[in-house]
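Please model the entire structure based on the sequences and the hints provided.
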Amino acid sequence: GENVEQHPSTLSVQEGDSAVIKCTYSDSASNYFPWYKQELGKGPQLIIDIRSNVGEKKDQRIAVTLNKTAKHFSLHITETQPEDSAVYFCAATPGSGGGADGLTFGKGTHLIIQP
Amino acid sequence: NAGVTQTPKFQVLKTGQSMTLQCAQDMNHEYMSWYRQDPGMGLRLIHYSVGAGITDQGEVPNGYNVSRSTTEDFPLRLLSAAPSQTSVYFCASSYSMDRDSPLHFGNGTRLTVT
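Line by line, the protein sequences are chains U and W.
So in this note's numbering, spot 48 of the first sequence is number 48, and the numbers just go up one at a time.
So this note's numbering is basically just the index in the second sequence, starting at one, shifted up by 1000.
No lab work stands behind these hints, which were simulated from the structure alone.
For every residue, glycine included, the Cβ atom is placed at its ideal position computed from N, Cα and C.
You may find that some hints are simply not true.
To be verified - If you only want the chain U side, here are some residues facing chain W, beta carbon under 7 angstroms, derived: (1) Leu46; (2) Phe105; (3) Gly106; (4) Gly108.
Right, dumping it as structure tokens:
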């Protein structure tokens, strides 16, 4: 089955700086790569996703890049703000349709924004 | 629109006790699932359902039962709780398992088994 590795487990950055979280996956058939943000005491919430037919996707201060050859994808957050502090999870699925089919999660990155 | 609602938020059980974690969604989603979240382990799929009357096992199903008698509800049952089941449990749903159907998570149930 799919195996998703996520690094680092903890990331501390100064407010206003950029943060990068990296994930690798094992199954070359994977074609859907979502990122979830989990705030304290809440469930994960989808913040951005990318499919295997594109290399980069941006949404305001967040962006995701995908390198299918190397089987890795990354989350980039620019101009970090205190409300970006949370645990971030990457995920991948080789499901024929993407979405929830066969989704495998990374172990999470605790992002800390220092004032 | 409540989304995915989980009850209770917190629960303490003694070893061997049974209980049911409730999950309900009001979005008419076909797909529902249960995950457990443990420190350093990420989210692991326990059971899932692609529609009423249909359930299947995920990565870590042992010790848990599920049923899906209605589209809205997907309860998770622990028949004989063990300390290894101490965890935070999340229910999630999506319109289908297809693309463009992101998962929506509830806010979790924190379970402690002593």
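Any CB of chain W closer than 7 angstroms to the CB of phenylalanine 105 (chain U)?
-> Since chain W brings a Cβ to about 4 angstroms from phenylalanine 105 (chain U), closer than 7 angstroms, the hint holds.
Chain W contact restraint for glycine 108 (chain U) - C-beta distance below 7 angstroms = holds (6 angstroms)
Against chain W, with CB atoms and a cut of 7 angstroms, does the hint on glycine 106 (chain U) hold up?
-> holds (6 angstroms)
When the nearest CB of chain W is found for leucine 46 (chain U), is that gap smaller than 7 angstroms?
-> holds (4 angstroms)
Of the numbered hints stated above, none is contradicted by the structure.
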